[in-house]
Structure formats: structure tokens, C-alpha cells
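Novice: Listed here are the chains, written in short residue letters.
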Amino acid sequence: MDETTILGDTPLDAVYSDRVRRFQDFLTSPDLGNMDNIKKMLTLGQRRLAVSLDEIRETDKDFWLGLLNTPADYLPACQDGVREAIKSIYTPIDYPDIEITSDTDFYVSFKGSFGDHQLTPRTIGSHFLSKMVSVEGIVTRASLIRPKIIKSVHYCDATGRFHQREYSDQTTSFNPITTSALYPTEDPEGNPLTTEYGFSKYRDHQTITIQELPELAPAGQLPRSLDVIMDDDLVDLVKPGDRLQAVGVYRSLGGVGSNSSSFRTVILCNSVYPLHARSTSVKSVERLTNSDIRNINKLSKKKNIFDLMAQSLAPSIYGHAYIKKAVLLMLLGGYEKNLSNGAHLRGDINLLMVGDPSTAKSQMLRFVLNTAPLAIATTGRGSSGVGLTAAVTTDKETGERRLEAGAMVLADRGIVCIDEFDKMSDIDRVAIHEVMEQQTITIAKAGIHTSLNARCSVIAAANPVYGQYDTNRSPQQNIALPDSLLSRFDLLFIVTDDISDEKDKAVSEHVLRMHRFIPQGYSEGEPIRERRNVTLAVGDSSNQDEDDSDDRNKVYEKFSPLLHSGAAEMAEGSTSSSKKTPKVLNITFLKKYIQYAKQRIEPQLTTECTKKVVEIYATLRNDHIVKNSPITARTLETIIRLATAHAKVRLSQTVEIKDVQVAEEMLRFSLLGETPATKHKSSPQKSPKKKRKTTSPSKKKFQDDETELYSVSESEPEYAEDKDDGNEDADVADYQPRATTARTRSLQERLQSAYDEEGEDEDMEEELVDVEQIREGLSQQTLREPSNEEDILQETNTNMDQPATISASRFSKFKSLLSMLRSHYESTSEDGSAPVADLVTRVNQELSQEEQFDEQEAYLALEQMQEKNFIQISEEKVYFI
Amino acid sequence: MGYYDLDEILADGQKIPCRFTISVPGLGYLENNPGKPVIQNTKLDLPLWLAEILAICEIQSEQNDPKEDPDQPTYFIELIQPDFYSSKIINAIKTNALKIDLHQLLPYFYKLSVKWGSMFNDTELMAIVQEMFKQRACAINDYSSDNNHLQLLNSEFGLQLDETERMLFRQCIESHRDLKTWLSS
Numbered sequence: 001m002d003e004t005t006i007l008g009d010t011p012l013d014a015v016y017s018d019r020v021r022r023f024q025d026f027l028t029s030p031d032l033g034n035m036d037n038i039k040k041m042l043t044l045g046q047r048r049l050a051v052s053l054d055e056i057r058e059t060d061k062d063f064w065l066g067l068l069n070t071p072a073d074y075l076p077a078c079q080d081g082v083r084e085a086i087k088s089i090y091t092p093i094d095y096p097d098i099e100i101t102s103d104t105d106f107y108v109s110f111k112g113s114f115g116d117h118q119l120t121p122r123t124i125g126s127h128f129l130s131k132m133v134s135v136e137g138i139v140t141r142a143s144l145i146r147p148k149i150i151k152s153v154h155y156c157d158a159t160g161r162f163h164q165r166e167y168s169d170q171t172t173s174f175n176p177i178t179t180s181a182l183y184p185t186e187d188p189e190g191n192p193l194t195t196e197y198g199f200s201k202y203r204d205h206q207t208i209t210i211q212e213l214p215e216l217a218p219a220g221q222l223p224r225s226l227d228v229i230m231d232d233d234l235v236d237l238v239k240p241g242d243r244l245q246a247v248g249v250y251r252s253l254g255g256v257g258s259n260s261s262s263f264r265t266v267i268l269c270n271s272v273y274p275l276h277a278r279s280t281s282v283k284s285v286e287r288l289t290n291s292d293i294r295n296i297n298k299l300s301k302k303k304n305i306f307d308l309m310a311q312s313l314a315p316s317i318y319g320h321a322y323i324k325k326a327v328l329l330m331l332l333g334g335y336e337k338n339l340s341n342g343a344h345l346r347g348d349i350n351l352l353m354v355g356d357p358s359t360a361k362s363q364m365l366r367f368v369l370n371t372a373p374l375a376i377a378t379t380g381r382g383s384s385g386v387g388l389t390a391a392v393t394t395d396k397e398t399g400e401r402r403l404e405a406g407a408m409v410l411a412d413r414g415i416v417c418i419d420e421f422d423k424m425s426d427i428d429r430v431a432i433h434e435v436m437e438q439q440t441i442t443i444a445k446a447g448i449h450t451s452l453n454a455r456c457s458v459i460a461a462a463n464p465v466y467g468q469y470d471t472n473r474s475p476q477q478n479i480a481l482p483d484s485l486l487s488r489f490d491l492l493f494i495v496t497d498d499i500s501d502e503k504d505k506a507v508s509e510h511v512l513r514m515h516r517f518i519p520q521g522y523s524e525g526e527p528i529r530e531r532r533n534v535t536l537a538v539g540d541s542s543n544q545d546e547d548d549s550d551d552r553n554k555v556y557e558k559f560s561p562l563l564h565s566g567a568a569e570m571a572e573g574s575t576s577s578s579k580k581t582p583k584v585l586n587i588t589f590l591k592k593y594i595q596y597a598k599q600r601i602e603p604q605l606t607t608e609c610t611k612k613v614v615e616i617y618a619t620l621r622n623d624h625i626v627k628n629s630p631i632t633a634r635t636l637e638t639i640i641r642l643a644t645a646h647a648k649v650r651l652s653q654t655v656e657i658k659d660v661q662v663a664e665e666m667l668r669f670s671l672l673g674e675t676p677a678t679k680h681k682s683s684p685q686k687s688p689k690k691k692r693k694t695t696s697p698s699k700k701k702f703q704d705d706e707t708e709l710y711s712v713s714e715s716e717p718e719y720a721e722d723k724d725d726g727n728e729d730a731d732v733a734d735y736q737p738r739a740t741t742a743r744t745r746s747l748q749e750r751l752q753s754a755y756d757e758e759g760e761d762e763d764m765e766e767e768l769v770d771v772e773q774i775r776e777g778l779s780q781q782t783l784r785e786p787s788n789e790e791d792i793l794q795e796t797n798t799n800m801d802q803p804a805t806i807s808a809s810r811f812s813k814f815k816s817l818l819s820m821l822r823s824h825y826e827s828t829s830e831d832g833s834a835p836v837a838d839l840v841t842r843v844n845q846e847l848s849q850e851e852q853f854d855e856q857e858a859y860l861a862l863e864q865m866q867e868k869n870f871i872q873i874s875e876e877k878v879y880f881i
Numbered sequence: 001m002g003y004y005d006l007d008e009i010l011a012d013g014q015k016i017p018c019r020f021t022i023s024v025p026g027l028g029y030l031e032n033n034p035g036k037p038v039i040q041n042t043k044l045d046l047p048l049w050l051a052e053i054l055a056i057c058e059i060q061s062e063q064n065d066p067k068e069d070p071d072q073p074t075y076f077i078e079l080i081q082p083d084f085y086s087s088k089i090i091n092a093i094k095t096n097a098l099k100i101d102l103h104q105l106l107p108y109f110y111k112l113s114v115k116w117g118s119m120f121n122d123t124e125l126m127a128i129v130q131e132m133f134k135q136r137a138c139a140i141n142d143y144s145s146d147n148n149h150l151q152l153l154n155s156e157f158g159l160q161l162d163e164t165e166r167m168l169f170r171q172c173i174e175s176h177r178d179l180k181t182w183l184s185s
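One line per chain: the protein sequences are A and B, in this order.
Start counting the first sequence at 1; every next residue gets the next number (full-length UniProt numbering).
Start counting the second sequence at 1; every next residue gets the next number (full-length UniProt numbering).
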């Protein structure tokens, strides 16, 4: 940093040269390996040598003390020492990356233990002035990088001579005398001078502001900040939001005003070490070893790799198997394409979770935050549209307008976690529309027109409009986000908090187990100590790695029933018969796996897959069931993305049918709440799902993955008890959509679509007979009494003209239409009642031709709603309750 | 320092990391895994009194096989260098002994260091610990003069004392007080 020494015009007194010699001795000491580091540095073309303070202390304690306490005397000597050492080994042929002239500066950076010189912007005091300190904090502001004049060269026409002048101020050297910043215009004889800008020497200069780490600030106090000056090769190493440890000399710059006795203080930085903490924009990269890659490849051959990895995610969260799977797919991401016409096909998967309070949505976000290599957390209330995208600000020093990156720009190639998504104002929410599909941010304001990359996945959590998910309303009403935004989310999960004895018991047991867990090394009742070893040594990452090398190479976590029961439950849910302890992947290994899969695998679609994808998309489009989010052409891409991500799980270079199947399964669960238990024949022992009759079908759909475990244990008589004679057809209707086996399920679907599209089909005849047989079998089991309505139903069944029962989707459609009409009737008629015939006509007015409710269906729907105490029917009139 | 010394017992109960050289059935409850064996090469924290015995007890192989595998472990466990003697901590101690939070690190640091040092005959470590104790003892003595001792309790340093140093601090205060009464009488 000290320029004067480099040019050799400083009085090289004996003390100074002694210090240079001592540092050279340290560098050339054969058992410390500093010379190797110098060679490495030169090969890489760098100019900053990292030395360990601990090693300096061991070799020369006085020098170490001097370096820490009076760096102004020692640091220039160190830099000269490095220079001398380099001179002794440097040849331009060996190190083509670096050219050494008299102008080349070499610097020293320090690592190791700083003891009481390890500070924060709060604890740094005046007695640390002019000492070497290490400060840790978070970068809040980084100025523009500007050149600073170090040496100017001037040519005098009259004499034909070159003149040079050096400039130094408080930040470029330890010399307290600041030279005038003016270029000389004439030589001592008065001849005019021309500045030779090409020969002059400039140096990059940047000022950053670091702030105390918010979590270390004392309770109830605002964090303090400190300016740090980064010169030359240190510029642009950090950006706002990064956490770092900076080593440097704490300097005062003299009075701000002429008669002020207060000083501006800065740190003249000589080494920067980024701290990897969560929610920073520092991307963490795992180092893959050969054995890791072997393990990854071995694991990828497993059949249940997808389930295994999904259940290893957030084992502390109970249930939510599909969300975990979706998170896994999101971490891997699809395959991004940039077409030659400039179109950009997004590869990142966006997730939205809507659900009741206390359903571990935010926990899931936190997990993503901790696991993903680059993740940034925001909340709906705490972030504005500008804060998420990019802001135009005015630079404090230069007054220039410049662009400041928002969260989504910082999370480029990462993940943005947005909590409380519903609380965000509409204007702010619109700002992220562009990011979510085009993955760029275009800005045209304050004379800046630019487009920034923001290729990030979005995972958002929101509460329903009414706080609780209201099952009486349609998903659209509950979520209350515009379709334009919903269609940008690949997967939408509705998480409901249902009251069910078994589930509550299991969840509470799980939570209690988590609380009973005592980390190793702690006795019962002992408070958890905070680890503060981090600050004991600066920039020493190598030691850490060695310490937990054993943990790093592990593939599986040791199963602990206290911690991982969430995973256990999931494993049971998927394989049902296996009772052995589930395997949980080590989270470090999982990260490596994801990193490897992301880097190496670029799956391609096969032709048969494209066919399948088209087929799925067409079916979904034509389905007239109530969906949670609109089905658009984006859905098609969603299927491709999900399938590609699943192919990455298997480390396969081609997307195969099974990947598409998984994608379809995920999508169906997300859109319709269907689970494979109802789609595929996963286990024969699964009994039909029976719910308390109070849960409406639309609500039940979403809890399937949690409840399927328990429904097995539910016994038949309970079901019979549940019903009485009066509401049985409601139960039939209720029961119908959740068909017994895969066969009836698919039957149901085909029936539905057949009805919806063509109205009648020849095949339907025998299928309906099947349905009837099954229903008969069930009615025997459940000891139902025959009633008139039942007879009617059966008759109509054989007649084949109309569907005898109303499906859940049709019912909820009817219900939502009814609730829309409710206000109309309440305002028009005195008692708020509605004549049935009029009501049905009005409902049908809202619908297209093939969707119309006929009398029978409407009647069934109304009956069903009466059972659920939504309406009251008397004398052909409907009363809303 | 006797058999019934509570501090001694507590220091003995300090857990230190060990690695099992053999698989032991039925010990899984030690790692929250009841009913399962502790398998070979498992890392576990065991109290010093137990670890010491297990680390020096030789395993008697049942059949005295002459062509016994030379790699066959002869001890139950092997001790791993604990965190509090890692190079990071040692460097921090050397840098500034007064700034180490011994209480957080290990409340019985000195007592355990003595045991550790005698077990491994680690003179280098002992020299460092000794030097550290000397430096800290001076500071403690400074604080324990009448006017200062409340200051220590309020200062950061006061909260970072190890149990031995706390006792030393108490004794320093008493001796200062005794000296004062003796001088004034």
C-alpha cells in the first residue's frame, strides 16, 4: 500500500531494512511453504499473498506484535519483503500471467487468529486506531469503482523532458501528508507541461460500508456501520448483502471540517473473507470428491431414489410428501433453453403453497433457504416491487444515478423464497410477473434503460384470503391471486389444516419427539450453547474441512427416531409394507447430489415422451373439473420441466415415460388434489377412504397424502355408524369421487369426460354396470337400508341417460355458482329465498352448453348441500343459511 | 483435590470425542438409536473417566489365533483430539489468552488439561496452558483488589473464567482482605 518504498526514494534506514529482511526470512523459511504460495500466486497472476499470522507469531513474535499494533511501520516492510522474495524467483517465462515492472504492487493479506483484534463495527474503539484489526459484518453499500491517480507523468515540450509526480493521501499510504490532487501545469522553469495519461498510473478504488451482523447486535439496538476501503485487486469482490470478514488497518482520515475535532475513520482493507451464511447471496459450492461421485452414481441406480431423496428433505417436517417432492424437483430445476429467435424457455420451477396457518409452510421455506446453494428470503410485507427487482439510486459520492440489484437479481441462478405472499400489495406483485416467466427485469427509468438477468426459481407461501381455507368457496376465491400470476407457478399446493384424531396425534407426537431430542454432548436440561468458534480464526477454511471430513463423506444420516419420524412416516406411506427403518440421506450429500445432477445432466425429451406429454396436456385441458389454477400453455411447459427435473434425479440423459408419469402425478396432485393412491394400484390393502361426513370433498382432496396412512386402520363399522338413513345419498355422492380402486377411479374419470364431451357412449354401459356392482358390494358392507332414492338411482343407472350421482367436482362447481347467486337472491327476494327452478336456470345460464346441470343433478346437489347445512329447502324454495 | 472433590468429579464427567474401533451390540441408545449396535468407526462423545479406561484396556481375543490380523484393534475405542485442543483454539490462546471464553469452551479446562496432559504426556500443550494460566492469573489478581473485584464480575472477562479461576479469584479477594485487616490492626 505504501508507494514511497517501491520507488526507492524513502530513506531505507537500518530498522526498516531489518524488518524487510525479517519478513523475507519468514517467507523463505522452508518448513512453512510460503515460497510455494508465492509461486502459486504468480502462476495465477495474482498480486496478493496470504500469510498466516499464527505462523508469523511462531517464527518472530516481535514482528507479529509490531504488525498488529503498528502496521504503519511493518506493513510496508512486509510488502517490500514479498517483492524481494518474488524478484529472487521471478522469470517472465515461468510466469507468463504476470508482468513485473517497477509499478507492479504486491500486497500481503493475513489470516489466522486475531485475538482481541477481532472486532465488530460496534466494538471497534478509538484505541484501535492505527492498528490492524479484523472486522466482520454485512455489506450494506458498495460505491462505484473509480480510478485513483497514483502517479502522473508530464512531458515538457520546451525541454523535452519527462516529469512525474506521485500522489498519496491517507488511504493510499501510511504517510500522513496528503499531496495536492492537482496536476502540475508547468515545470520549475515555468515551461508548460502536457500530461501523458498513458504513462500515468491509476488504481481502482472502492468504498464499501459494512454493518454489524444483525443477529449479533445487542437486543433492541440498531446495527452500526463502518466504512472499508478496498483498493486495487480487492475491488468488486463483495456486493451488498454479502457477509464478510475484512482484515485491515483502522485509520482516521483527519477532521471532516477544518475546525472539527471529530474524525472520519475507515479501515484500509488488506484481506477479505466472505462468510457463507444462509440468506446471503454468496453461493456455496460443495467440493465433490471421487468417492462422492461414486456414491452418487451408485445411489442413482436405486429404483426409489426419488422417494428416498424427497423423504430426506426436511425430515423434521411431518407429512407433506408431495411438497417435499416438489421442492426436490425445484432444487434440481428443468432444462433452460434459449432459442435463436431470442425466446427464452424457463427451466426453473416455481412453487406456491397456499394453506392454513401452522402447516409448516414457512418451515419449508427455511429449509430451502438452508439447503439451496443460493437462496434469498423475503416476505410479502417486507419487500416492495422495487426491492425485489431493481432500484435506481443516486451514488453518494459522485451523484451519479445507478442501478441497485434487488432480491431477484441477486438470486440469479438461485431461489427466492417469499413468505406471506398474499400480504404483498398488488402493485408489488405485478413487478415479479416478468421475472417469473421471462426471467429478466427490464427497467426504463431515470435515464437508465436496461435489462437484468433474474433466472431464479420462486417458492412462495401464502395464507388463504379468509385466513383459513374456506371449503365452501372455490379455490380461486380462496387463493385470490390473479390467474396471470397463478399460471406462472408451476405447482400450486393447497395445504389444509384438518382436524382428525389420528393425524393430530401423529403430528403432536412428532413435534414432542423433536422437542425431546437432545444433541450429543448435552445433558438433559442443559441450555443449547451458541457456537462462537467462528471468530477465533479469520480466513481459515482448510481446518474446518478436515475436522468434519468424516461427516462429509457419509451418504446416509444415522437414523434417529426422534428427529426423522417425518421421513419414517413418508417412507411408510410410499411403500406401505416395509417396516424397516427408513434411510435418510445426509444433507451435505444431498446437496452434492443436487449440484452434480444440475451440472452434469441435461436430459433430452424422447419422441414417445412428447406424445405422452401432449396427451396429458390435452386431457387436463379438456377436463371440466374445478382446478386450483388455470391450465394454460404454461402447464405444458410445467410437465416438461417436472419430467426433466425427475430425469435429473435419476441422472438420466433422456426423459423417459416414467419421468412424465411422475410429472403428471405431481401436476394432478397440485391441480386436482389427486394422489397416486387413487390413480394407480399401489397397494391392494388400501381400503376406500372414508372421512367424517362433515369434510367436503374439495377439502378432503388435499389431505390425502397425510390421511392415507390412517384410513387403512379405519374399520368398516365406523363408517356404518357415521351415517344415518336420511343422509345416505349425500354420502353416496360424497363417497363417489374417491373411488375404491384404480379401476373405479379411472372409470369415474372416463365416465365424467365421456359425459362432459359426448354425453353418451356405448362403452359406458358396461362400465356403469361395474360401478353399480361395486356400489352394491359396498352397500352390503355398510349395511345400508334400501330407500326410495336408492332405487331411483339404480334405475337411472341402468337407464344410462344421466349420471345418477353428482361428482365432487360437479358439486363444488354447483356450490360455487350457488354462492355467487346468493347475493342476488338476498337482495331481490324478501326472505332471501330462491325458487329451485329459477335457481337452476340461473346456474345454467352461467355455464356452457355441455356443462349444464339437469334437474336430477341439480336436485342431488341441492340435497347434498342441505345435508351439509349450507342451505335449507322447503316448498320448492331454497333458503341460504 | 481429593476423591470426593465435586469439581474433580465434574471434570471427569466431561465428554470427549472417541471413535469405536469395534462394533458393540446394544449400545445404540448412546447415539439416540436404541436397540441397535454401535458400529465400527462410529464417533461418539464419552465421559473422560470411561473413555480413559476403554482407550487403554486391551481386548483379549477369545481364540489365541497365531495368524491374527495385525490390523485387529486391540483397544475398544481410540481418543480423538477434542475441539478444545484444536489448532484454532490453541492459536487463539497464544494470540491473546485473556480473550478466550474458557467458561463457554469448557468449564473445567485446567482440570481436564492436567488429566489430558498426563495421559498423553503432551508437554507442548501443557506449556501453552501453563502460560495461559499465568497470564490470566495476573489479570485475576489485579481485579481482586478491593476496589476492582466488582468490576470483574461485571466485565466480560469475569464471565469467561473457568471454575479453577473462579476459585482462585475468590481466594485472591480473601487474601487481599486479610492483608488489609492485618495491616490496619
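Calculated directly from the structure, the hints in this document are not laboratory data.
Treat the hints with care, as some may be off.
Stated by the list, open to error - As a list, the in silico DSSO-like pairs of lysine-lysine whose alpha-carbon atoms are at most 27 Å apart: (1) 298/A with 99/B; (2) 298/A with 591/A; (3) 583/A with 94/B; (4) 36/B with 298/A; (5) 94/B with 61/A; (6) 131/A with 43/B; (7) 36/B with 131/A; (8) 61/A with 36/B; (9) 36/B with 583/A; (10) 302/A with 36/B; (11) 302/A with 131/A.
Unchecked claim - Label pairs and their in silico Cβ distance ranges: (12) 87/B with 379/A: 24 to 30 Å; (13) 26/B with 477/A: 57 to 63 Å; (14) 58/A with 59/B: 52 to 58 Å; (15) 480/A with 37/B: 53 to 59 Å; (16) 119/B with 58/A: 24 to 30 Å; (17) 104/B with 508/A: 31 to 37 Å; (18) 15/A with 87/B: 47 to 53 Å; (19) 78/B with 379/A: 33 to 39 Å; (20) 104/B with 15/A: 50 to 56 Å; (21) 216/A with 78/B: 33 to 39 Å; (22) 141/B with 129/A: 29 to 35 Å.
Said to hold, decoys possible - Some chain B residues flagged as far from chain A (calculated, every beta-carbon gap over 12 Å): (23) 25; (24) 49; (25) 54; (26) 88; (27) 98; (28) 122; (29) 134; (30) 145; (31) 172; (32) 173; (33) 182; (34) 184.
Cβ atoms here follow ideal geometry from the backbone N, Cα and C, with glycine treated the same way.
Novice: Given the hinted pair residue 583/A and residue 94/B, is their alpha-carbon gap at most 27 Å?
Specialist: Roughly 44 Å between the alpha carbons, so the hint for residue 583/A and residue 94/B is violated.
Novice: Just to be careful, I want the Cα atoms of residue 36/B and residue 583/A compared with a cutoff of 27 Å; is the pair within it?
Specialist: holds, 14 Å
Novice: Going by Cβ atoms, does residue 49/B stay more than 12 Å from chain A at every point?
Specialist: holds, 15 Å
Novice: Is the hinted range of 24 to 30 Å satisfied by the C-beta distance from residue 119/B to residue 58/A?
Specialist: holds, 25 Å
Novice: Taking only the CA atoms, is the gap from residue 298/A to residue 591/A under or equal to 27 Å?
Specialist: holds, 16 Å
Novice: Does residue 99/B lie within 27 Å of residue 298/A when you go C-alpha to C-alpha?
Specialist: violated, 48 Å
Novice: Return holds or violated for the Cβ distance of residue 216/A and residue 78/B against the range 33 to 39 Å.
Specialist: The hint (33 to 39 Å, Cβ to Cβ) holds, given that residue 216/A and residue 78/B are roughly 37 Å apart.
Novice: For residue 88/B, is the shortest CB-to-CB distance to chain A above 12 Å, so the non-interface label stands?
Specialist: Nearest chain A Cβ is 5 Å from residue 88/B, so the label is violated.
Novice: Against chain A, does residue 173/B keep a CB gap of more than 12 Å to every residue?
Specialist: At roughly 25 Å from the nearest Cβ of chain A, residue 173/B sits farther out than 12 Å, so the non-interface label holds.
Novice: With 57 to 63 Å as the target window, see if residue 26/B and residue 477/A comply at their CB atoms.
Specialist: The hint (57 to 63 Å, Cβ to Cβ) holds, given that residue 26/B and residue 477/A are roughly 58 Å apart.
Novice: Would the least Cβ to Cβ distance between residue 98/B and chain A come out above 12 Å?
Specialist: The assertion about residue 98/B is violated, with a minimum of 7 Å to chain A.
Novice: Verify the proposed pairing of residue 61/A with residue 36/B, using a straight-line Cα cut of 27 Å.
Specialist: The given pair, whose Cα atoms are some 53 Å apart, is violated under the 27 Å limit.
Comparing the model with each numbered hint stated earlier shows that hints 1, 3, 6, 7, 8, 11, 12, 14, 18, 19, 20, 26, 27 do not hold.
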